[in-house]
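S.K.: Chains A and B, in that order, are what the protein sequence lines are.
Residue numbering for the first sequence follows the working numbering, beginning at 1 and increasing consecutively.
Residue numbering for the second sequence follows the working numbering, beginning at 327 and increasing consecutively.
Take the hints with a grain of salt, since some may be wrong.
[To be verified] Away from chain A, derived, C-beta distances all over 12 Å, residues of chain B: (1) P365; (2) L384; (3) L389; (4) I390; (5) P439; (6) E449; (7) E468; (8) L489; (9) D548; (10) V559; (11) A600; (12) R603; (13) H629; (14) L641; (15) G644.
[Said to hold, decoys possible] Pulled a few chain A residues facing chain B out of the computed Cβ check, cut under 8 Å: (16) E50; (17) S51; (18) E67; (19) E149; (20) S151; (21) V184; (22) A186; (23) L189; (24) Y238; (25) T261; (26) R264; (27) L267.
Calculated from the structure, these hints are not laboratory results.
Using N, Cα and C, we set each Cβ at its ideal position, and we do this for glycine too.
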Amino acid sequence: MTLVDVRQLVKHYAGARSWFGLGRAQPPVRAVDGVSFSIASGRTLGLVGESGSGKTTVGRTMLRLQEPTAGKVLFEENDVFALDPARLRALRRRMQIVFQDPYSSLNPRMTVEETLREPLQIHGLRGEVAALLDEVGLDAAFAKRYPHELSGGQRQRVGIARALSVEPQFVVCDEPVSALDVSVQAQVLNLLADLQARRRLTYLFIAHDLAVVRHIADDVAVMYLGKIVERAPAAEIYAQPRHPYTRALLSAVPEPNPRATRRRIVLTGDVPSPAHPPPGCPFHPRCPHPRKSERCRTEPPALREITPPAPPPGHLAACHYAEEPM
Amino acid sequence: MTAETPALLRVRDLKTYFVTEHGKGTARAVDEVSFDLYPGETLGIVGESGCGKTVTSLSILRLIPEPPGHILPGSLIEFEGRNLLALPAPELRAVRGNQIAMIFQEPMTSLNPVFTVGDQIAEAAIIHQHLSRAAARARAIEMLRLVGIPDPEERVDHYPHQLSGGMRQRVMIAMALVCHPKVLIADEPTTALDVTIQAQILELLDRLQQELGMAVLLITHDLGVVAGHADRVVVMYAGRVVETAKTDELFEHPLHPYTEGLLAAVPRIDALPARARLHAIPGQVPAATAWPTGCRFRPRCPHAWDKCLTEPPLLESGAPGHTARCWLVTEPERRQASR
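Please model the complete structure; the sequences and the hints are all you need to start from.
M.R.: Structural data, given as structure tokens:
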């Protein structure tokens, strides 16, 4: 059953004006440029992309932490962007977010207990701080501590406990383990998986690291320059990536195996600015696909089902030549 | 890299301590670290935050701010037969940036925003090699071309803010290599970069190392980066070297439980099946002001026994060229079957 449905989400930021506001306005930054997906209840969608791909903006706009430019988000049939403030607040209890940086996302002047009580008070709920701490693997003694007394991993556990305190159904996890060391990262990833199983949570898991996503996601969507370029069940996308960008991204992940014999696809050039996306396929200036043609420079490829449909169906790619070998 | 080749850089019993803010304690950030770097090789130093890898690299070039830091007497950093720690400042400056160069993690903050990239690359060539301004500028253009920056004649007059993160890291590399150093210290050179840009920079470093024949000290938290680019690896934990081996050997037969744990904790794209649970090392790296007694990994170790509480293990050789600081090397029967 679909819990969250995102339809043609668009978020543009007004371009900066040069010359202290007197000059011509720059073109808008198309951070998110028509993104659609849905997440079934209890499942995890991994949203992957590099800096500037728009993945974080998708997560924040879905929760209306930023106002969208266009598009629709349905949460159990509620139109999130059409709600009045009171109903939005009520809905926010059911959709929460865990931020990337556990150093800046906790108030340094509040104890752990105060941090965890605040959302409960806002929503008029009762909750046990000790039980919450226990659920995220922290001793009850942490309640009296301040963030500076905690390690990065402990802070992130507090951030998770804060999100869970109001008993949400849906949690946006925005790069929740990127700032953590590998041994602690594994602890927090396992914790998120355990909590999901225990509380039947639905996750949007935003990350730049395809290897991390593999350990938590059921489905994966890859973003490039504000658009989803490929989406598939996780096992499928890792085994049979179809979009040249996904293939390059996968081949660039450093593998902890000195005898790895993967073929590396090293992309040339940088990601173009989202204020000046290339015409046609946004990836075409860097695309290493042998079939790359004039069509790629002029005609934007639609996100479409691979033909013939892969078993299981639901493997989409936005490439004119997704079926051709690379 | 054979036993007969003398090491280019020898680090012996390096101890770098910091007096903490309120004078309450001493952080033993680097505590008796020893390793050798041979000509032409890439030596990886891996470890998590707080293990002492960056302090080690800064100590080599004496870039530790004093106070609060100090390198203890008895430490030795020998480069081509000279102890860098005993070198007078002018002689040290002749080595630093000239024969031993360094690139840092943050290409955004390591470049001066008010000078063109050409000026910044040329500076070292003017100081160390006494080139004229014109010759140094020509050298800067040549270096930009070497590191793969398109239109170097034009880019040489650009300021850092006009370049992307990947381009800035290329400029950093050009700056470091302008005097053709014998040793390049690369401290997390790709950590701030996206994975496709990281792949470009690592490939560039590999190519330049082959072309210029320099030795590289590659400091990283990423075992994947080490696996693909280092000849040998030093694993650090809690201010100490806990394991040293050739890269293949380390990944195939890790001896130290920390190395084993770290390898098992790395998320993998080739893992089967998807959503596989990761192995996690319990607990966290302790504070440098209060390292545990005995073996510093003991509180997190699945194999620890009473000896580990009282006797700090020594670096023992488990195989030729493979050492680990763990009592299991000499008492392998103590290894717990399950992990």
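S.K.: For B/I390, is the shortest beta carbon distance to chain A beyond 12 Å?
M.R.: Correct as stated: the minimum Cβ-Cβ distance to chain A is 23 Å, above 12 Å.
S.K.: Minimum Cβ distance from A/S51 to chain B below 8 Å?
M.R.: holds (5 Å)
S.K.: Have a go at the A/S151 hint: is there a Cβ in chain B nearer than 8 Å to its own Cβ?
M.R.: holds (5 Å)
S.K.: Quick one: work out the minimum CB distance from B/L489 to chain A and report holds if it exceeds 12 Å, violated otherwise.
M.R.: The claim breaks: B/L489 does not keep its Cβ more than 12 Å from every Cβ of chain A (closest is about 9 Å).
S.K.: Please verify that hint: A/T261, Cβ, nearest Cβ of chain B, below 8 Å or not.
M.R.: Check failed: Cβ of A/T261 comes no nearer than 11 Å to chain B, outside 8 Å.
S.K.: Checking the smallest CB distance to chain A, is B/P439 really beyond 12 Å?
M.R.: holds (18 Å)
S.K.: Compute the least Cβ-Cβ separation between B/E449 and chain A, then decide whether it is above 12 Å.
M.R.: B/E449 is indeed farther than 12 Å from all Cβ atoms of chain A, at 26 Å.
S.K.: Report holds if the minimum CB distance from B/L389 to chain A is greater than 12 Å, and violated otherwise.
M.R.: holds (24 Å)
S.K.: With chain B as the partner, please determine if A/L189 meets the hint condition of a C-beta pair closer than 8 Å.
M.R.: Holds, because the Cβ-Cβ distance from A/L189 to chain B comes to roughly 6 Å (cut-off 8 Å).
S.K.: Say whether it holds or is violated: B/A600 keeps its Cβ farther than 12 Å from all Cβ of chain A.
M.R.: The claim is violated: B/A600 sits with its nearest Cβ about 4 Å from chain A, within 12 Å.
S.K.: Would you settle whether the hint for A/E50 is holds or violated, based on the nearest Cβ-Cβ distance to chain B being less than 8 Å?
M.R.: Because about 4 Å separates A/E50 from the closest Cβ in chain B, which is inside the 8 Å limit, the hint holds.
S.K.: Regarding the hint that A/A186 lies at the interface with chain B, is the smallest CB-CB distance below 8 Å?
M.R.: At about 4 Å, which falls below the 8 Å cut-off, the nearest Cβ of chain B leaves the hint on A/A186 intact, so it holds.
Figure legend: structure checked against the earlier numbered hints; hints not met, in rising order: 8, 9, 10, 11, 12, 18, 19 and 25.
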